[in-house]
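Based on these hints, arrange chains B and C on the given structure of chain A.
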Amino acid sequence: MSTYAYYPGCSLHGTAKEYDRSARLVCQALGLELREVEDWNCCGASSAHMVSRWLALSLPARNLQLVEKMGLETMTVPCAACYARLKDVSCELKDPEVRDKIGRVLGGQVTGRVTVEPLVGTLTTQEILDKAAGMIKKPLAGLKVATYYGCLLTRPPKVAQFDVPENPQSMDRLLRVLGSEVVEWYFKTECCGASLPVARTDIVLDLSRKLLTAAKKAGAEAIVTACPMCHSNLDSRQGEIRGRYGDDFKMPIFFFTELLGLALGYPARELLIANHLTDALSLLQGRGLA
Amino acid sequence: MPRIGVFVCHCGTNIAATVDCGGVAEAARGFPGVVHATDFTYLCAEAGQRKIQDAIAEHRLNRVVVASCSPRMHEPTFRKAVAQAGLNPYLMEMANIREHCSWVHADRQVATAKATEIIRMVVAKVARNEPLTAKQVGLTKKLLVIGGGIAGIQAALDVANAGHQVTLVERTPTIGGKMAMLDKTFPTLDCSACILTPRMVELSQHPNIELRTYAEVLSVKGFVGNFEVEILQKARKVNHLTCTGCGTCWQKCPEKNVPSEFDVGMGRRTAIYIPFPQAVPNKPVIDTANCRYVRHLAAKERGEKLMECRVCEKLCPTKSIDWEQKDEIIVDRFGAIIVANGYDTFDHSVYGEYGYGKYPDVITGLQLERLMNASGPTKGEVVRPSDGKHPHSVVFLACVGSRDDKVGRPYCSKICCMYTAKHALMLKEHDPNIQTYVFYIDIRAAGRGYEEFVRRVQEEYGSTYIRGRVSWIYPQDGKLMIKGEDTLLGRPVEVEADLVVLATGITAAKGAVDLMQTIGISYDTYGFINEMHPKLRPVETNTDGVYLAGCASGPKDIPDSVSQASAAAVKVCGLFSQDYLTTDPMTSVVDQMKCVGCFLCEEVCPFRAVERETLRGGKVVARINESVCKGCGLCVAACRGEALNLKGFTDQQLLAQVTALLRA
Amino acid sequence: MSVLKFASTDQPGRNGLLALVKAKTGQDVLACYQCGKCSAGCPLSSAMDLAPHQVLRAVQLGQRDLVFQSSAIWLCVTCQTCYTRCPQEVDLPRVMDALRSQALQEKIRPAERTVKVFHDVFLGLVERFGRLYEVGLIGGYNLLARQPLASADLGLPMLTRGKLELIPRRVKDQEQIKAIFKRAAELELEEITGQSVAAAPPASVPS
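Residue numbers (the numbering used here), protein chains in the order written: chain A, 1 to 290; chain B, 291 to 954; chain C, 955 to 1161.
Just chain A, with the same shape it has in the complex (with noise of 0.2 Å):
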């Protein structure tokens, strides 16, 4: 049994709570143990790198120093803005002034040993999808699904190291194994307006529009993320687009770990589906998956 540091970041004890909780199980199902990083804490998200420099380095830093104490080599984030921040960092811990300041900042050395993945690459190893496919219990039966990677976990690639950033495979290779169809399309990494929807909301409806407009096109029954910001743009403003623009898409949002999840056979209460502000049940009982 493998075992992670992990950092779930704020939005998975709020409006990601499905995440985490789908997470945590499709872990345990497939053998890897998680350790929530004890006492961590926010890795600046987007607000800080705006006003601070240090302070954007120095507060995920924090979170690889307490992996550090716990004695864990690799640390998996969930969420793509927090793996983003916390990658960053471990890379810029490699340049001794950078890191002397940084321990500065944080009254304490941080040595930058620990390996930052993404939780989407940690669930798509060959080994990995290897076991999944042996484990599936209710295949998902040709669900037409958009995937949806957004910026931040491809982007940079000299700091993100994950994946590419102009059509990334991960998802779609993760979904074929679970039986679904990954439909084609050419959106996987435009933003959709990040962290703007609460200053500029009429933006990310704008932004969100296009991309909820393109995956419909492409034929897509639903679209499948690995980030909670991505998904509470595309998922909780189709009301407000519609209210806007007139488009009803009623089209599903998911966390990869949840069709994981479904398709290992845990039920869509326990995935805590029903959290979703645009409704993804529906879909899911007439394809009996749910």
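Treat the hints with care, as some may be off.
Under the rule of at most 27 Å between Cα atoms (straight-line distance), these lysine-lysine pairs were calculated in the BS3-like manner [what the hints assert, rightly or not]:
(1) 991/C <-> 158/A
(2) 158/A <-> 94/A
(3) 144/A <-> 131/A
(4) 542/B <-> 524/B
(5) 210/A <-> 959/C
(6) 959/C <-> 94/A
(7) 991/C <-> 69/A
(8) 546/B <-> 590/B
(9) 341/B <-> 370/B
(10) 959/C <-> 718/B
(11) 773/B <-> 1136/C
(12) 210/A <-> 250/A
(13) 17/A <-> 959/C
(14) 431/B <-> 920/B
(15) 959/C <-> 648/B
(16) 524/B <-> 800/B
(17) 94/A <-> 1136/C
(18) 595/B <-> 546/B
(19) 69/A <-> 1126/C
(20) 1132/C <-> 69/A
(21) 679/B <-> 959/C
(22) 769/B <-> 425/B
(23) 959/C <-> 769/B
Treat the hints as calculated values from the structure; they're not laboratory data. On a predicted model such as this, the values are computed, not experimentally measured, just so you know.
The following block gives chains B and C in isolation, referenced to the frame of chain A:
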């Protein structure tokens, strides 16, 4: 009796898709004189050619019609094929049923009928074809190079090194051209003189090269292999056979205020002078327009008084000053000519918005080259012409006289982007505190290492590139105000400059059109030579035996010019590798009984092939020089007395074609 | 439209904007050759007053006001599309970060006030609790942005689906979090006042 064979080609499906080739062959069997007709998939293939050759033997054919494509491509192929079968190659005619028929029609029935008619006409023509024989003429293996810039130098050296005699004619007193005026070359920043002067010296010492500077081509007669050229050797007033180039004369000449052509007016020279220290030949000429003694003589003739001088004559240790020396005309024969007459830079005085060329601190790129050059008028110090002060802010304007239809120069001058980048870089090397601004429309840096160089100028040397054309320059408080636009930001820009450098574009060299007319080669509206083919024959002109190199055919940088020079040299060496030249026998002939001597033919002939011959009775008639005639037929059309005929396209042949069509 | 003026006495590097960006980010903005690919791919460029390539252009020309007063620096969500595709490898998101923090240091009124308010509220909560408190974020933002009903229609469905935690969760080591905020700000100031600009870190180091 003509025994004609007709061969119809399918050209794969190119013809066969729209023309019933078998049906056409069938129809051709009924045409007068046709004893054999057949069709084949690819006649140009070896099997197809053999089919024709076999049929010639089997059916004792004495005329052949190949109905296929345009003769432009395959006429030589089929002429050769029938010649191998023992037939005179000019007894083969092609009927174009592809470009003229199958490719331009969709209806199979109509196309088949048209193909049949085309072949019927050609059959009628070929029945009247006469055997023709190509002639051979000798050639003079000596090359004339016009222009002593880097292109001319390279061409002359290449041909001379191949063992042929070369005469190089240069208009100015020295070879070296524009390259000699440059300080550095882009993008390697080689010292221009350092790489050029060894070539100049090599040329002057080459046993196979006769160098004629201060000379011009007056006339060109003749044709490939046999040109007769008149060269004007301008009087130098200095005997170069005895002169040692010691320099006493030009050091002591009291007339020191003549604007130097070589320094583009940035410096002064004497009346007896060499253009620059490494000039080749390194012997002076007297500029008679400015020589005090010559002016004294002229004044005396007018009855006026002017002081005599003759300082040079008095001081010359070898008594080489020769006041009696006159312009001289030399006549020589050449087998080939390479035109490398170079370029001039655009005269920016047409731009009122940039000061009509009147602001002293608005200079050209070539002038800046002279200011930056260590052997230039300021010994390499870049100063403002107005007050001699070092500039701090220098603004460059690209595309002055380029890409500008209003001044008649819509083309790109190709080198200005690069030389401007070089200038911006060099100025920083001269003075790290200098600020440079470059206004440009696009950066055109297509060449090895060019783009990287331009990037370096911006990134490492911090030159501020501003995308947009400058609208106006006006003087203010001893500075120049430049009004432009940063089109990238969409905001107006004002720069206060100490010095403005205009990247003036390339124009055809002064007198280029006269030279082209003298030689008899075609040129475009800008005075650049038209190549024989812009892609495939880029160093040949439309006159056989006349080649081109360098900016003669449009803007080029040094590597392109040198490449062209070597390419032209290879063409010349190829020509000179032959002992005889074969001429096309399809030329005009004059029936001297019918000729009335009006010489309209002479007037219309673009190749100067018409000569005058006086018959025994004193009657002057036309005669065609078959070596020069290209068989264009203009003279035939122009001749009112039907005295001219074109071999291979006689009136009888053409009329037979028309008649065949009308009778069908 | 303001005229960009260059006096004949201008020194190389002008008013230090280029050097400042270089020191803060390690990025050589002169490497940008204005191809516009960043703006072409930017999801936000249509909402910006200066397109991303124009932000770099303005930095190249030392146009401080233009840059610091632009909405672009506040609308950039650092989606990294530009940097990923930039042929000259200019890390534009990082330049944006630097320009934003400099604008804040120079107390320039942000062109996108609500965006600034959002980040202030966000970081205020993180400083206070160590983690984000989403209910506090919406409430605090609505108060400060004077948009009392913003996102209100989402509140109830979120609450009923258990997506909102009413009580903030806290990091145990509150002191360390507060200290991090304090010392990071000090370090930031130290760099801007130029005391250790020379020791500024280079661009993110690929492993």
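Results of checking the hints against the structure:
1. 991/C <-> 158/A: holds (19 Å)
2. 158/A <-> 94/A: It holds: about 14 Å lies between the C-alpha atoms, which stays within 27 Å.
3. 144/A <-> 131/A: Holds, at roughly 23 Å.
4. 542/B <-> 524/B: holds (24 Å)
5. 210/A <-> 959/C: Violated, at about 41 Å.
6. 959/C <-> 94/A: violated (43 Å)
7. 991/C <-> 69/A: Given that 27 Å is the threshold and the Cα spacing comes to 44 Å, the pair is violated.
8. 546/B <-> 590/B: holds (23 Å)
9. 341/B <-> 370/B: holds (14 Å)
10. 959/C <-> 718/B: holds (21 Å)
11. 773/B <-> 1136/C: Violated: residue 773/B and residue 1136/C sit about 49 Å apart, past 27 Å.
12. 210/A <-> 250/A: Given pair residue 210/A, residue 250/A holds - Cα atoms ~14 Å apart, limit 27 Å.
13. 17/A <-> 959/C: violated (55 Å)
14. 431/B <-> 920/B: Holds - the C-alpha atoms of residue 920/B and residue 431/B are around 22 Å apart, at most 27 Å.
15. 959/C <-> 648/B: holds (25 Å)
16. 524/B <-> 800/B: holds (18 Å)
17. 94/A <-> 1136/C: holds (24 Å)
18. 595/B <-> 546/B: Judged against 27 Å, a Cα distance of about 21 Å means the pair holds.
19. 69/A <-> 1126/C: The hint holds at about 16 Å.
20. 1132/C <-> 69/A: Since the Cα atoms of residue 1132/C and residue 69/A sit roughly 20 Å apart, the hinted pair holds (cutoff 27 Å).
21. 679/B <-> 959/C: holds (23 Å)
22. 769/B <-> 425/B: violated (71 Å)
23. 959/C <-> 769/B: Holds: residue 959/C and residue 769/B sit about 14 Å apart, inside 27 Å.
The structure fails to meet hints 5, 6, 7, 11, 13 and 22 from the earlier list, while all remaining hints are met.
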